[in-house]
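Build the full structure now, drawing on both the sequences and the hints.
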Amino acid sequence: MPVVLQVLQSLTVLVGAPLYVGAISRAESIVASKRGPSVFQPYRDLAKLLRKGASVSDQASWVYAGAPFVVFACYLTVSVIVPIITSQPLPLAFLADLIGGAFVLGLAAFTMALAALDTASPQGGLGASRATWMGSLVEPALILVFFTVGVLSASDNPYLMNHAVRSSPYALVLPTHVLGTLAFFMLVLVENGRIPIENPSGSIEISMIEEGRVTEYSGRHYALMRWASWMKLFLLSSIFMNVFVIPWGLGNAHSLAGGLLAIPVLAGKLALCGLAIVVIDSSFAKLRFFRIAEFLGAAFLIALVGVITSYVVSV
Amino acid sequence: MTALVVLVVVPPLASALAVAAGARARGAGNVLVAGALVSFASALVMAVRVVGDGHFQALGGFVYVDALSAFFAITVSGVVVLASLGSAAYLRAEEDSGELSGFQVRIYYVFFAVFASGMLASFVAGNLGMLWVLIEASTLASAALVGLEARAPSLEAAWKYVIISSFGVTIALVATLFLFYSGSVLHLSSNERLTWPYLFAHAHALAPTSLRLAFLLAVIGYGTKVGLVPMHTWLPDAHSEAPSPASAMLSAGLLNTGMYAIIRYQAIARATLGPRYPSNVLFVFGFATIFVGVLFMVRQGNFKRMFAYSSVEHMGIISVALGFGGVLGLYGALLQVLYHAIGKAVLFLSSGHLVLGYKTRESAKVRGVLGSLPLAGGVLLLASLAVAGSPPFGVFLSELTIVRAGFAVSEPLLAGFFLLLLVIGFVALTSTTLTMAAGEGPGPVVAYPRRSGRVLAGVPLLVGLVVLVVLGLWVPVGLDHLLMHAVGALR
Amino acid sequence: MQSLSSSSIDGTLLTLSSVGILLAAFACLGSKLFNRYVAYYGFQSVLLSFAAAVVAYHYDSAELWALAVITLALKGIAIPVATQRLLLHRLDLKRDVALSTGLSTSLIVGALLTAFAYLVIEPADLPHGVVAASVVPLSTAVVLLGGLAMVVRRHTVAQLIGWLITENGVFLGAITLVATFPFIVEAGIFLDLVAATLIMVVFVSGITRRLAEATSSELRGLQG
Numbered sequence: 001m002p003v004v005l006q007v008l009q010s011l012t013v014l015v016g017a018p019l020y021v022g023a024i025s026r027a028e029s030i031v032a033s034k035r036g037p038s039v040f041q042p043y044r045d046l047a048k049l050l051r052k053g054a055s056v057s058d059q060a061s062w063v064y065a066g067a068p069f070v071v072f073a074c075y076l077t078v079s080v081i082v083p084i085i086t087s088q089p090l091p092l093a094f095l096a097d098l099i100g101g102a103f104v105l106g107l108a109a110f111t112m113a114l115a116a117l118d119t120a121s122p123q124g125g126l127g128a129s130r131a132t133w134m135g136s137l138v139e140p141a142l143i144l145v146f147f148t149v150g151v152l153s154a155s156d157n158p159y160l161m162n163h164a165v166r167s168s169p170y171a172l173v174l175p176t177h178v179l180g181t182l183a184f185f186m187l188v189l190v191e192n193g194r195i196p197i198e199n200p201s202g203s204i205e206i207s208m209i210e211e212g213r214v215t216e217y218s219g220r221h222y223a224l225m226r227w228a229s230w231m232k233l234f235l236l237s238s239i240f241m242n243v244f245v246i247p248w249g250l251g252n253a254h255s256l257a258g259g260l261l262a263i264p265v266l267a268g269k270l271a272l273c274g275l276a277i278v279v280i281d282s283s284f285a286k287l288r289f290f291r292i293a294e295f296l297g298a299a300f301l302i303a304l305v306g307v308i309t310s311y312v313v314s315v
Numbered sequence: 001m002t003a004l005v006v007l008v009v010v011p012p013l014a015s016a017l018a019v020a021a022g023a024r025a026r027g028a029g030n031v032l033v034a035g036a037l038v039s040f041a042s043a044l045v046m047a048v049r050v051v052g053d054g055h056f057q058a059l060g061g062f063v064y065v066d067a068l069s070a071f072f073a074i075t076v077s078g079v080v081v082l083a084s085l086g087s088a089a090y091l092r093a094e095e096d097s098g099e100l101s102g103f104q105v106r107i108y109y110v111f112f113a114v115f116a117s118g119m120l121a122s123f124v125a126g127n128l129g130m131l132w133v134l135i136e137a138s139t140l141a142s143a144a145l146v147g148l149e150a151r152a153p154s155l156e157a158a159w160k161y162v163i164i165s166s167f168g169v170t171i172a173l174v175a176t177l178f179l180f181y182s183g184s185v186l187h188l189s190s191n192e193r194l195t196w197p198y199l200f201a202h203a204h205a206l207a208p209t210s211l212r213l214a215f216l217l218a219v220i221g222y223g224t225k226v227g228l229v230p231m232h233t234w235l236p237d238a239h240s241e242a243p244s245p246a247s248a249m250l251s252a253g254l255l256n257t258g259m260y261a262i263i264r265y266q267a268i269a270r271a272t273l274g275p276r277y278p279s280n281v282l283f284v285f286g287f288a289t290i291f292v293g294v295l296f297m298v299r300q301g302n303f304k305r306m307f308a309y310s311s312v313e314h315m316g317i318i319s320v321a322l323g324f325g326g327v328l329g330l331y332g333a334l335l336q337v338l339y340h341a342i343g344k345a346v347l348f349l350s351s352g353h354l355v356l357g358y359k360t361r362e363s364a365k366v367r368g369v370l371g372s373l374p375l376a377g378g379v380l381l382l383a384s385l386a387v388a389g390s391p392p393f394g395v396f397l398s399e400l401t402i403v404r405a406g407f408a409v410s411e412p413l414l415a416g417f418f419l420l421l422l423v424i425g426f427v428a429l430t431s432t433t434l435t436m437a438a439g440e441g442p443g444p445v446v447a448y449p450r451r452s453g454r455v456l457a458g459v460p461l462l463v464g465l466v467v468l469v470v471l472g473l474w475v476p477v478g479l480d481h482l483l484m485h486a487v488g489a490l491r
Numbered sequence: 001m002q003s004l005s006s007s008s009i010d011g012t013l014l015t016l017s018s019v020g021i022l023l024a025a026f027a028c029l030g031s032k033l034f035n036r037y038v039a040y041y042g043f044q045s046v047l048l049s050f051a052a053a054v055v056a057y058h059y060d061s062a063e064l065w066a067l068a069v070i071t072l073a074l075k076g077i078a079i080p081v082a083t084q085r086l087l088l089h090r091l092d093l094k095r096d097v098a099l100s101t102g103l104s105t106s107l108i109v110g111a112l113l114t115a116f117a118y119l120v121i122e123p124a125d126l127p128h129g130v131v132a133a134s135v136v137p138l139s140t141a142v143v144l145l146g147g148l149a150m151v152v153r154r155h156t157v158a159q160l161i162g163w164l165i166t167e168n169g170v171f172l173g174a175i176t177l178v179a180t181f182p183f184i185v186e187a188g189i190f191l192d193l194v195a196a197t198l199i200m201v202v203f204v205s206g207i208t209r210r211l212a213e214a215t216s217s218e219l220r221g222l223q224g
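Protein chains in written order, with this note's numbering: chain A, 1 to 315; chain B, 1 to 491; chain C, 1 to 224.
The set of hints was computed from the structure by calculation and includes no laboratory data. All the given hints hold, so there is nothing to weed out.
Listed below are the simulated DMTMM-like cross-link pairs for lysine to aspartate or glutamate, each with C-alpha atoms no more than 25 angstroms apart in a straight line: (1) K32/C <-> E294/A; (2) K94/C <-> E294/A; (3) K359/B <-> E149/B.
Please read all numbers here as calculations on a predicted model, not as lab measurements.
Right under this line is the structure:
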């Protein structure tokens, strides 16, 4: 049974991610008084891109061709180790804890940066250098965020963290946890290139960060890259909701029904998270590039204050 | 007794009422002088009563008078008398010459009254929270006096003063909170937990860790008010930019008010934590203060600033004396408070004559005062000798007592270092004032005081000087009793 | 009277609002526009009055309710509005350019000060499980951050607000550590606060009339 659930969990991520992104962009359009694309548009995009052949620059090496698969595999790996639909570890969850998960995400970012440089296109180089610079600022904040939940659960395993928060709901309103949650949400926005950092629907090439790295890709490769980045949003949002905000509503590792039931619950949670993202996307403006450091500094600071406040408060 | 306390605190406010009733500089000044005299007389009576009958308490401890309060009330109300005489003359001259508008004169008298009453009230407040409120109130009133002339430098000084001392006083508030907290195990009502006699009686039962914090924060917070280094940076600016009678009040009055709070906190801390910790804290701040004060006096071109640094030095001396502790140390500290207050009041008032006469604050431009303004010059010379600690003036006696206290508690090294610093300070202060009084140079721009104000302007200088000499030769029996009672109240 | 325990609902609300107060202090420290700076201060004061109300509810004390209301009226509404009207609008202040370090640097220093506050206020000093154990270090941090704002910002208006932030920190510590502080003393503290603010406002307008920018870098006449 756990194996079935394991597969079900990864399938949820694979299938759910495009829907989640489609729903967010539809909601944003509605907020902006536009009709917007259908929520299923990302599936159509994927289908179209997967049918097309990929054109590869004759300057590019195997790194360029291999990168989409590595990146996709990275996110797929993360999908098996974090609590998405079950609150108990599934067979492959031993692979890594949260910090290990962050390493896997780091590997994906590294591979994308390599691939972006490989074609020697200026767009890719710009995107890669910006993304790497931001990554170097995100990492320390992310580690501190893990510390804030780690302090409560005395662990860096996402399942134990989930369990610790669930078993003493009082922890949810502890300053440490509140601050950690806030900082993690800011990092989710940064990692996925949402609005205070960059405009996900923007089309000005010079200001692209996330899209700039994959601008050379086409066809099948591009489909994988897009899909991977949607999965990233889906995964980080799920971790945010399942570990930080609402640790309830997950199935156990032995009942298929529980796992299946957890999927609509997860959809509800993600609807909340997506709503928050939509609100932020439509009410703030993009920060100037050099202000991003301040945004990340603020996230770092909040997480740091969170860790410090845990010094005195103990559950 | 309650009526007496009211008679100490309230009379200076009469000048504010007079101003509200429409009095001009002359009338308000006379009312102020009368009020100050009433205060001073009442403070003397209060001291006699306290020495005779022991301490007095009313309104659930909000009013509390013991020998220490009475001593400080006498000192400060004496300063208020001198400064109000000086104000009456100084402001009349400023209003006549058009330097200050009628509005500014009214502002001056209102805030001077609040300032004086606030200080006097803080000595009779038994509640240490109320003490904080009153000290902060008198600080704010004095800030208005510093900024009175509304020129760029005086506004700058006033801003520095109000922002730095407000921050310092906020720290003193934290100290008050921790003091309150340290008594949470006591079975006392919330008012009593902040009231001096109860706190002092139960000092052994206070929580030592939070009291340690409270004492340190109190020394830093009230020390900002007192001008302990490194929180002294506002002091020379404010004291040099205020009108001279207000400078006298700041230097001789407000600094002592802050010191009074520190003395109270030290007594509680000593009872709870033993003498070592409070002494060490006071030594560190005290010696740093004397050192910096003396160094800045050496090359100081502005004579009012130099007097201000001399006040810094003296506050350091008092802290060190408190650190030495023992009967001798406390006795010396209190004597020093009294003598410094009178000496510095006289010195600043005579500097007011120079500022009005020469229209400058630079000592290099003031020469031959003995010849041109004989009264101011003579007083300047004698008062600076007095403040620097030359016999036969009082400060010599008190400093001698403090050094003796240092040897008595077997701290010969500290006492020796203390002496060395005093010598440097002596040379720095007197060499400057000597050349100002005796050298040769251009005469004053205008003759001050003019004939009509001569008596009013001269009286406080002469009275102060006579008191200094008399007290230097002989400590009256009554004063000795009062001091011994005050020291006894702290032990 | 038992102390407020940290796991009760009241204690939690108090802790949360004090975290909010700390974050508001950081927001003040990191904002460049004067009106935001003042607005964050107002927000902080509103949170403070909420915290006071929680304590008042817990101890069922009319005096503390009165303090909460006064805090809201004075610090939450009157002072921010007065600063906006009397200083920012009249003097046409928009951006604070008189900073002695960059905003990021001052935020980092602020984080270090927060850590320092926790190191200084050793939890061992305060009884375990009492809400004061978590709030007092926070309030100490707010006091330090207010001081930092006064140091980093050289404009007189900004220094005034910095001092008010410090005052908020002290007040937060006061209501949690010693909720039973005598009311008459608290009232006196409030009076002093208002008087201080008024005098400072007068000085600020005086200084601005005399000097072009009213920053302390111009206040350099008196030295030595």
